[in-house]
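Peer 1: Next come the chains, spelled out residue by residue.
Protein chains: 4
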Amino acid sequence: MIRVAINGYGTIGKRVADAVAAQPDMKVVGVSKTRPSHEAYVAKQRGYPLYIADLAKKGDFERAGIPVAGDVEDMLKAADIVVDATPGGVGKKNRALYEKHGVKAIWQGGEDHEVAGFSFNSDCNFPDAVNRSFTRVVSCNTTGLCRIIKAMDREFGVKNVRAVMVRRGGDPGDIKRGPIDAVVLNPVTIPSHHGPDVQTVLPHVNIVTLAMIVPVTMMHMHVVQMDLEKTPTREQVIQIIERHPRMGLVRKSTGITSTAELKEYAMDLGRARSDLWENGIFEESVSVIGNELYLFQAIHQEADVVVENIDAIRAMTGTVTDAAKSIEMTNKALGFTPI
Amino acid sequence: MIRVAINGYGTIGKRVADAVAAQPDMKVVGVSKTRPSHEAYVAKQRGYPLYIADLAKKGDFERAGIPVAGDVEDMLKAADIVVDATPGGVGKKNRALYEKHGVKAIWQGGEDHEVAGFSFNSDCNFPDAVNRSFTRVVSCNTTGLCRIIKAMDREFGVKNVRAVMVRRGGDPGDIKRGPIDAVVLNPVTIPSHHGPDVQTVLPHVNIVTLAMIVPVTMMHMHVVQMDLEKTPTREQVIQIIERHPRMGLVRKSTGITSTAELKEYAMDLGRARSDLWENGIFEESVSVIGNELYLFQAIHQEADVVVENIDAIRAMTGTVTDAAKSIEMTNKALGFTPI
Amino acid sequence: MIRVAINGYGTIGKRVADAVAAQPDMKVVGVSKTRPSHEAYVAKQRGYPLYIADLAKKGDFERAGIPVAGDVEDMLKAADIVVDATPGGVGKKNRALYEKHGVKAIWQGGEDHEVAGFSFNSDCNFPDAVNRSFTRVVSCNTTGLCRIIKAMDREFGVKNVRAVMVRRGGDPGDIKRGPIDAVVLNPVTIPSHHGPDVQTVLPHVNIVTLAMIVPVTMMHMHVVQMDLEKTPTREQVIQIIERHPRMGLVRKSTGITSTAELKEYAMDLGRARSDLWENGIFEESVSVIGNELYLFQAIHQEADVVVENIDAIRAMTGTVTDAAKSIEMTNKALGFTPI
Amino acid sequence: MIRVAINGYGTIGKRVADAVAAQPDMKVVGVSKTRPSHEAYVAKQRGYPLYIADLAKKGDFERAGIPVAGDVEDMLKAADIVVDATPGGVGKKNRALYEKHGVKAIWQGGEDHEVAGFSFNSDCNFPDAVNRSFTRVVSCNTTGLCRIIKAMDREFGVKNVRAVMVRRGGDPGDIKRGPIDAVVLNPVTIPSHHGPDVQTVLPHVNIVTLAMIVPVTMMHMHVVQMDLEKTPTREQVIQIIERHPRMGLVRKSTGITSTAELKEYAMDLGRARSDLWENGIFEESVSVIGNELYLFQAIHQEADVVVENIDAIRAMTGTVTDAAKSIEMTNKALGFTPI
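Here the protein sequences come in this chain order: A, B, C and D. Residues 1 to 339 (our numbering) make up the first sequence, in order. Residues 1 to 339 (our numbering) make up the second sequence, in order. Residues 1 to 339 (our numbering) make up the third sequence, in order. Residues 1 to 339 (our numbering) make up the fourth sequence, in order.
Chain A with its partners taken away, still in its complex shape:
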């Protein structure tokens, strides 16, 4: 059993913890919080040992009825590997601590590539992660782009990618962030940073990305356009998507035309936290015009990187060295129901 600690039990951390707990070859040795909050009660309900950043606050937790197992260093001592799911920019500061305790570490896409020196996506570079000490799982948007680009590149050769990302303003439980009634260019400059981020995983891809933020909480929507070397039929593209373990085809017959309906469908299917771990690619949108492929894909910002973290754990601990095998194990344990 791989002993996994999760440092930061928030939007991503709580999902990674449950995904780890669901795997046959891993166990959660602890999760960490800085303050008592509803997530601390959830950790208690799940039976995850709760560690805190500052032991001086132990009393606050205990008064709220939440037992404290120790501090973050105590947690690291019990772990083979730590998933750092602290807020963007904070994770970097933890590297020295992980090195001190000789624990392997995974960071999220909110950190720069340099934090680990290696950026990961299960489909693209799993073998390069085998036995590594430090890895960064790229962001939700970059993960979604890497999956579709790699899948098309493998079969048809991708010359150029142009992607427009319409991003959610805040997660569903986030009540501070806006906008309320605006389309915000983020950034105004073109291209956005997402293209270079894709290149940390797929260095040879020629890509221009643009991004906007809109007042929604559920999923990002990507317009992806690629110039291909070989011209596929629409049916060939759809078939690749259908067979891909991390892409789901949103079929025309479901009547789904939006992020909200897709989230409702994931909920109705009984997915944990209504999560969509795979790219949600709209069947009707898949279009081949000349040698150009166009499609819309929905990316669940809270979920798609969770499964990548699980695969990264296996690769880094060297327990599974074949990407396809790890992906299959991860998906099966989570109960991937086809959408």
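It is worth saying that the hints were derived from the structure and are not from the lab. You may find that some hints are simply not true.
Same chains, same names: a pair is fine if it fits in one copy or spans any two.
What the hints assert, rightly or not - Cut-off 27 Å, straight-line C-alpha distance, at most; resulting in silico cross-link-like pairs (DSS-like, lysine-lysine): (1) LYS92 to LYS176; (2) LYS252 to LYS58; (3) LYS58 to LYS93; (4) LYS332 to LYS44; (5) LYS159 to LYS58; (6) LYS159 to LYS332; (7) LYS159 to LYS230; (8) LYS77 to LYS100; (9) LYS150 to LYS58; (10) LYS77 to LYS58; (11) LYS150 to LYS325.
Let chain A serve as the given structure and place chains B, C and D on it in line with the hints.
Peer 2: Just chains B, C and D, lined up with the frame of chain A:
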């Protein structure tokens, strides 16, 4: 086993179906749809026989890979009782059909009281529903108001109720309804119809209600103020809420201050569809000023009536005649985790 | 003085009426409403004679204190030209009436090209509108696309256009339409109808468009990408935009990064109804990558077609036959302040 | 001519500046900004001398084409009175500066009562402001409450007030603040701070207030309920509202049922910045039930305090000592069109 049909497999119907399926004394004999849609795939995944309104559309369903068990009349023949969860105003037209087939029927709050001649709330008038043929479960807002009013009236005597309801514009999966950026008075006139609707269940309550619609999808928020006969302490009120099987206390220590965070908490607790079946009453808001009680309560519009439908089924079929016993059975089967 | 009637005094009609009234060579002979509403009071305040669709409703208007000048046919008798600003799809039915009264007519982009057999944009085909009886001013989005495409094509030659449109769900005063929390593909299929609509004005342009709807009320945002024959410098593109009478450059030094801030700026500048009649092109976004031009442009859906209607009136009545002259007159009368 | 400086040229400051400029007895001697931004361009367009907090940033402004007149101290030297419209909490720190320069000062409701030791509302305590050095104009919500409470108290005697405020999340041009999809209790505790704030103006009023934040940008909506000494007729209440110079009746015949439509109406009437300076009270909502009065009122958060600032300037400078006279002057200069 009580054989239950669900006519209308949408927001409420799909939840009632799963709640029925979870009970030890009931089974789902069928659900109905008018068109293929994502919910039809969900019915298939759950194994619920799917009946359709118009057999001429059978081909549309079958082409989408969804088997059809028959038409709505076929479904009624297999049922002891039908839960009508068709859109508001449609249910009324189905009464003749239910009478023809001699099947008991439950309507939702979108229909008028007259459709059944009896309006139901588990806490308030369960005994009056025993062995009835027709019952209307009151709307989500009325259900939430009835629960808190009855609980306080029982202990302290309620002289007057004033309630302001801030309502969601559309459900999460509804992409047509607004508003996008407005507070809409609905209605502009005071009082709103909700007060008289409470009186269909609690005829002697003196109540004035007002309602607004705002651009949110998750939960209604109620401000409830009551003039009481006896002056309770704040602690007494909180204790009643804590012990009530259909009210939940949103504790200060969770840090939750909004509908969005409360929904996230219900999700994290693993509730099916992140549903909050009970009134979510904010601990910090409970205030006694003179002989007046004030509080905020969140009402999950998709969920709170689901459990009332289950209790109504037991009462109407005469299989359980004690409210407390049915409520306990319902809650246990659904895995009510305390919030 | 050109005598102008406005049939339909809503979002577009009320703006066209005020724009007509501001021109030195035109006057408003009447506006029409079907029901009393706040706009009827506004017409009265402005002193526009109010005509109604159905004289049987005259009493409703008069009881609300709003005088009625007659019915729509009476209004047409007083006019040289009518601007049809009725809801999309309704305008088409009015054609027979306009023919009967021998009045020239302008429709909006909610109608099909066939309603008039000619689709108009001031920059692109003003000369073709001279002395025409019937003209359709293309929609707000098509207008915005035509302006930028034509301006670039004139200088650099446009080989291909790819445009992604992020559209507002409803206008600010519209409380019915959503979505509240979703990105809606509209349509899911690629390409959207906007490309062919551009081709009604610019038939030789090779264009693929995609569209989404998001929960905002203020402005659409376009991502425009063009493959050009000649490669311009970024500065050349910016200079063309700066000098264009219907394009405005949103300068970096304003700090504006969103539709909301741009609308606020138009408001602060004292624009009537805070309207942005020109394309709002973000200076920082203008990028030349190889032979490809990228930029973001904001399109105020309520405003940009208003000035096109004014120019169309001049062309169709033959009173001004030079596009540049009409555009200058229109802009000057409205007090175009540079943004 | 009263020489007025405006320290802080943002949402409130820019409106106060234009309102001052419109008065026959006042002039704007300067406005201040900390950074170049779109508002700095607006100040330049208006011809207001622009002063900056830190002269070291003069180059930033000048490079953006905006002339700088000096620093804030220079501005104060030219003024009889300063309106402090800096962000909440900042104004307090400026008091020493105002004292140093011997300039009278007005703060906004974002500051505590103690900053000035006197809280102002034109209808309630204008005479007490005459010749004062320091005054605080209460917040938009408190201003709206004071107006309606005072008007009713004068005629009927107000025993108790209960008010529920549904507040906008951010102003229209604010792209940072949320929530996007939540009703946020702000605060969760009851009563909110607004009641005590009303008491800074009307010390003897017995009032309980509650507040929520929702994802809208246009206006707050208040539910106001009062227990009255004398029972009025509904018509008497409506007549008082109609005749009140700072309250407007939103008539049933306009069809307006929401904040969005009311804002649209103010825009269509040609109001500067579509501002609603008066309480927008919904005619149909005015209800007398027993001795209780209920009504809905919309409060434009950006606008209603602007006119109060103008009146405060006259009172404090002793140039007008009669409230009614100042209110009439202010309204007339702004072109209050009845709604």
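Peer 1: Each hint: holds or not?
Peer 2: Checked hints:
| no. | hint | in the structure |
| --- | --- | --- |
| 1 | LYS92 to LYS176 | both (24 Å within a copy, 26 Å between copies) |
| 2 | LYS252 to LYS58 | between (53 Å within a copy, 18 Å between copies) |
| 3 | LYS58 to LYS93 | within (23 Å within a copy, 37 Å between copies) |
| 4 | LYS332 to LYS44 | both (26 Å within a copy, 21 Å between copies) |
| 5 | LYS159 to LYS58 | neither (55 Å within a copy, 45 Å between copies) |
| 6 | LYS159 to LYS332 | neither (34 Å within a copy, 48 Å between copies) |
| 7 | LYS159 to LYS230 | both (10 Å within a copy, 22 Å between copies) |
| 8 | LYS77 to LYS100 | within (10 Å within a copy, 61 Å between copies) |
| 9 | LYS150 to LYS58 | neither (47 Å within a copy, 40 Å between copies) |
| 10 | LYS77 to LYS58 | within (19 Å within a copy, 55 Å between copies) |
| 11 | LYS150 to LYS325 | within (18 Å within a copy, 54 Å between copies) |
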